[in-house]
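S.K.: If you read the sequence shown in numbering that gives the first Met the number 0, its first letter stands for residue 0, the second for the next number, and so on.
Simulated from the structure, these hints should not be mistaken for lab results.
Do not take every clue at face value.
Simulated restraints on C-beta separations [unchecked claim]:
#1 T722 x S695: 55 to 61 angstroms
#2 A450 x S496: 28 to 34 angstroms
#3 V584 x W746: 54 to 60 angstroms
#4 T213 x P431: 50 to 56 angstroms
#5 T781 x Q652: 40 to 46 angstroms
#6 A450 x A560: 29 to 35 angstroms
#7 S695 x G645: 56 to 62 angstroms
#8 T616 x A563: 17 to 23 angstroms
#9 S270 x A491: 15 to 21 angstroms
#10 T613 x A417: 49 to 55 angstroms
#11 P431 x T616: 53 to 59 angstroms
#12 T613 x T650: 54 to 60 angstroms
#13 P431 x V79: 40 to 46 angstroms
#14 A206 x S270: 23 to 29 angstroms
With a cut-off of at most 30 angstroms between alpha-carbon atoms, the simulated DSSO-like pairs for lysine-lysine come out as follows [claimed, not checked]:
#15 K324 x K154
#16 K154 x K289
#17 K324 x K289
Ideal Cβ positions, reconstructed from N, Cα and C, are used throughout, including at glycine.
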Amino acid sequence: MSAPSRATTGSGRLAAILLAMIIAANSVVAHAAVTTLFDKGFHDNQAGGTGIIAKPLLPAGATGTNHACLTSPGNILTGVVRSCTTFNDTLGQGKLRLTDTTASRLGGVFGTGATTNYDMQNNKAIHATFNVYQYGGTEGDGLTFTFAAADPGAKPAPATLGQSGGSLGVAPVRSSGLVGLPNVYLSFGFDTAGAFSTTDRQGAACAAQTYITTGTNIPGQVVVRGPGAGTTGYCGINSTATDATSPALTLRAATRAESAMPVEVVLNPSSGTVRTTSGLTVPSGQYLVKVTTVGGTVRTLNGTLPTVPTALYPAPSWLNGGYPKFLNFGWTASNGTTTDFHELDDARVQTIDPAPVLTVSQTSQVATSPQQGDPVTYTITPAVAAGNPGTAPVTVTQTLPAGVVPLGAYGTGWVCQAPSGQTISCTNSNTPFAAGASLPVITVVAIVTAAGVTPTSVQSGTSVTATASDAVTGTASSAPAGTLGTAPTGVAVSPTSGPLAGGNSVTVSGTNITTATAVEFGTTAQFQAGTPTVFLPCPSGPAAGCFTVSGATLQISAMPAHAAGEVQVKVVTQGVAGSATYTYVDLALTFGPPPAGTVGVAYATTLTATGGQTPYTWSVTAGSLPPGLQLGAATGAITGTPTVAGTFAFTVQVADAGSGTATQATSITVNAGLLSLSVPSSVDLGPAASGAATLSAALGTVTVTDNRGASSAAWQVTVSATTFTTGAGGSGQTIPAARIAYDTGTWGSSGTGTFVPASLPNGALPGVGASWTGGVGANSATWNPNLTFTFVQSQVAGQYSGVITHSVA
Numbered sequence: 000m001s002a003p004s005r006a007t008t009g010s011g012r013l014a015a016i017l018l019a020m021i022i023a024a025n026s027v028v029a030h031a032a033v034t035t036l037f038d039k040g041f042h043d044n045q046a047g048g049t050g051i052i053a054k055p056l057l058p059a060g061a062t063g064t065n066h067a068c069l070t071s072p073g074n075i076l077t078g079v080v081r082s083c084t085t086f087n088d089t090l091g092q093g094k095l096r097l098t099d100t101t102a103s104r105l106g107g108v109f110g111t112g113a114t115t116n117y118d119m120q121n122n123k124a125i126h127a128t129f130n131v132y133q134y135g136g137t138e139g140d141g142l143t144f145t146f147a148a149a150d151p152g153a154k155p156a157p158a159t160l161g162q163s164g165g166s167l168g169v170a171p172v173r174s175s176g177l178v179g180l181p182n183v184y185l186s187f188g189f190d191t192a193g194a195f196s197t198t199d200r201q202g203a204a205c206a207a208q209t210y211i212t213t214g215t216n217i218p219g220q221v222v223v224r225g226p227g228a229g230t231t232g233y234c235g236i237n238s239t240a241t242d243a244t245s246p247a248l249t250l251r252a253a254t255r256a257e258s259a260m261p262v263e264v265v266l267n268p269s270s271g272t273v274r275t276t277s278g279l280t281v282p283s284g285q286y287l288v289k290v291t292t293v294g295g296t297v298r299t300l301n302g303t304l305p306t307v308p309t310a311l312y313p314a315p316s317w318l319n320g321g322y323p324k325f326l327n328f329g330w331t332a333s334n335g336t337t338t339d340f341h342e343l344d345d346a347r348v349q350t351i352d353p354a355p356v357l358t359v360s361q362t363s364q365v366a367t368s369p370q371q372g373d374p375v376t377y378t379i380t381p382a383v384a385a386g387n388p389g390t391a392p393v394t395v396t397q398t399l400p401a402g403v404v405p406l407g408a409y410g411t412g413w414v415c416q417a418p419s420g421q422t423i424s425c426t427n428s429n430t431p432f433a434a435g436a437s438l439p440v441i442t443v444v445a446i447v448t449a450a451g452v453t454p455t456s457v458q459s460g461t462s463v464t465a466t467a468s469d470a471v472t473g474t475a476s477s478a479p480a481g482t483l484g485t486a487p488t489g490v491a492v493s494p495t496s497g498p499l500a501g502g503n504s505v506t507v508s509g510t511n512i513t514t515a516t517a518v519e520f521g522t523t524a525q526f527q528a529g530t531p532t533v534f535l536p537c538p539s540g541p542a543a544g545c546f547t548v549s550g551a552t553l554q555i556s557a558m559p560a561h562a563a564g565e566v567q568v569k570v571v572t573q574g575v576a577g578s579a580t581y582t583y584v585d586l587a588l589t590f591g592p593p594p595a596g597t598v599g600v601a602y603a604t605t606l607t608a609t610g611g612q613t614p615y616t617w618s619v620t621a622g623s624l625p626p627g628l629q630l631g632a633a634t635g636a637i638t639g640t641p642t643v644a645g646t647f648a649f650t651v652q653v654a655d656a657g658s659g660t661a662t663q664a665t666s667i668t669v670n671a672g673l674l675s676l677s678v679p680s681s682v683d684l685g686p687a688a689s690g691a692a693t694l695s696a697a698l699g700t701v702t703v704t705d706n707r708g709a710s711s712a713a714w715q716v717t718v719s720a721t722t723f724t725t726g727a728g729g730s731g732q733t734i735p736a737a738r739i740a741y742d743t744g745t746w747g748s749s750g751t752g753t754f755v756p757a758s759l760p761n762g763a764l765p766g767v768g769a770s771w772t773g774g775v776g777a778n779s780a781t782w783n784p785n786l787t788f789t790f791v792q793s794q795v796a797g798q799y800s801g802v803i804t805h806s807v808a
């Protein structure tokens, strides 16, 4: 691509600034170091910019003057090149015009001076970019970009141009003995009329070339001529033509706008390959010219830099190892009997340091007879060759053969993209990369997806490239066989099932698994289609989507999600694999009807669920549990002591950690309990004092437990007594019930409602000794009643016995 126009006024400047801002914001690209020798847009009425311009004289015997001028108006006094006298452009939109459409015109400019010429000894390449415009006439001869050797002392530009017409201001005319431009090293001619492709425009003793003819022009060609001085040399050394019948390239047009041709020229005498900012790669000791012809066709010529015969230039001191020590560069153009405007703009010439050279190698591991779903493992090793370090990020792109697709890739320092069809790319930005150093290896995990894949097709059909914006691309067109791994055996996973949402942890055990390159999950169909889920080794500790090695096991901290059913968990290591099965289970409640309970009896049962992602959370979303029972939110256990009889319907919901839920309607029946009474079986009330009128003593604990769970919890206890007697039970030997008093004494109770104690005087038995009123459900009461016996005057001493009866209803 040609450089954007370097406008300096009006909207053109804004466009250039905006473009620069977009590039700065979106494309930070590192390139080899460059030094600008020459940078001139030629859009204004003064040359401006970087670099000094010289304007050589016409050759001896030629009439007129060097026609080079600027098409922007207003400058007739200042600078080496000034405004043209005719055909002026708007200021800021001009070009450097080398000829107008007048016959036999000749024009040219050269960079000159110590800061502009090219020091060919400094182990740097030179890169020139410019736009050529040839238009408007009758197909005049053409334009060149030319390098000429300079005196190592003063380094002046050429004093005179070469000949006009088909010589394009560079070459001699052998038939007339007219000399060419002095001390030419290389000249790149954009020759519309075709005479630059003839032997008459070169010296004697040039090697015969099929694209340099005698007497027959080859129009519309890019022609490269080598070293020359006077009438010696200037030999054709390359051309877009192969012979006199080669079709013409479109190098001109009717109008300037139609005729624009971007050109790039690179000379690389350095010790390493160079890469231009536009992406051209030129090896050491070569030149390259790239032309985008009118209409957009790109043509490139390249070849070996020529060496200069020792006697060609004025002194051997001008040379160093066959190359000129210093070069001036410039542009020349000429018309003969046919004419054109010959113009250029946006001329920039820079030196470039040699580029780093990337290399890359790869190996492959695959089973002898791979089937669909079988693994393929690649190991890729990029490196920077000896020479120059790499300063830009390196991207490695691998392309796999038909029937094999990449699943993922990893390597220390590499950021790998998701696979795209048959390719996968990884980038390492840990610059700089030392010259001669290997970068960390990349492991690519792939899978066979078609029948007919063989180790040979894997090895021969896999290619890889290593690229960087400042480096020469490294390539490997095959993946030789590496050492096949030892297949994992006895692979097992624990637990063996889990929720559809995944997220649960799993331990993978087995032999030969700790060198695993991947763990893959999927059904047989997914493996055959090349679509299993793939986990690669975690780069820095346990995380979702990868696995870690822990001792002799693999740890997966979060299983992937999957549809319900059985899948393979396949451990891959260097082209082989072993597998176990794992089942994805949907969240479901698995408990049956809860057991019945009894009022007042402790109750416990635990609800169960499967699938989903633990931990679970339990709740009742409709209805209610029997009074007295509770559901543990974290445990699913129903516990407590029911207090009310009946059947209680409710809906249980379980929610898992992955937001899944399941519900189930159920019920618990609580059976009614008993109304029970407990009293002492027998008790010794103790002795009465001699002559005492009464005896008072505690009977012992009496307890009523009401577990009927009724809606009305009332009950009452009736107390009765028999006659207490001693001896034969005669007069004075009895204590009738009418002389026995009953008092509830101390008491305690539980449950809803009210315990009502009583005090029954002599003569009140039988009577209500205690009762319960109000309340619902279970209750209980405990008391220690007090009995008082009243004696008569004639009471006989002795041991009295009788029965106190409690009955509850």
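S.K.: So, for every hint listed, does it hold in this structure?
M.R.: Comparing the hints with the structure gives:
At roughly 19 angstroms, the beta-carbon separation of T722 and S695 lies outside the given 55 to 61 angstroms, and the hint is violated. Distance hint check for A450 and S496: the Cβ-Cβ separation is about 33 angstroms, which falls inside the suggested range of 28 to 34 angstroms. At roughly 57 angstroms, the beta carbons of V584 and W746 sit within the given window of 54 to 60 angstroms. Against the hinted window of 50 to 56 angstroms, the Cβ-Cβ separation of T213 and P431 comes to about 55 angstroms, which satisfies the hint.
Taken as a hint, the range 40 to 46 angstroms holds for the pair T781 and Q652, whose Cβ atoms sit roughly 42 angstroms apart. Judged by the Cβ atoms, the range 29 to 35 angstroms given for A450 and A560 holds: they are separated by roughly 30 angstroms. For the pair S695 and G645, the supplied restraint of 56 to 62 angstroms is violated, since their beta-carbon distance comes to about 45 angstroms. Between T616 and A563 the C-beta distance comes to about 22 angstroms, which sits within the given range of 17 to 23 angstroms.
At about 59 angstroms, the CB distance of S270 to A491 disagrees with the hint of 15 to 21 angstroms. About 31 angstroms separates the C-beta atoms of T613 and A417, a value inconsistent with the hinted range of 49 to 55 angstroms. Between P431 and T616, the C-beta spacing of about 55 angstroms keeps the proposed range 53 to 59 angstroms intact. Remark: the range hint 54 to 60 angstroms for T613 to T650 is contradicted by a beta-carbon distance near 22 angstroms.
Here the CB-CB span from P431 to V79 is close to 43 angstroms, well matched to the stated 40 to 46 angstroms. For A206 paired with S270, a C-beta distance near 28 angstroms keeps the hint of 23 to 29 angstroms intact. Taking the CA atoms of K324 and K154, the gap is near 10 angstroms; set against the 30 angstroms cutoff, the hint holds. For the proposed pair K154 and K289, the alpha carbon gap of about 28 angstroms is at most 30 angstroms, so the pair holds.
For a cut-off of 30 angstroms, the pair hint linking K324 to K289 stands: about 25 angstroms separates their Cα positions.
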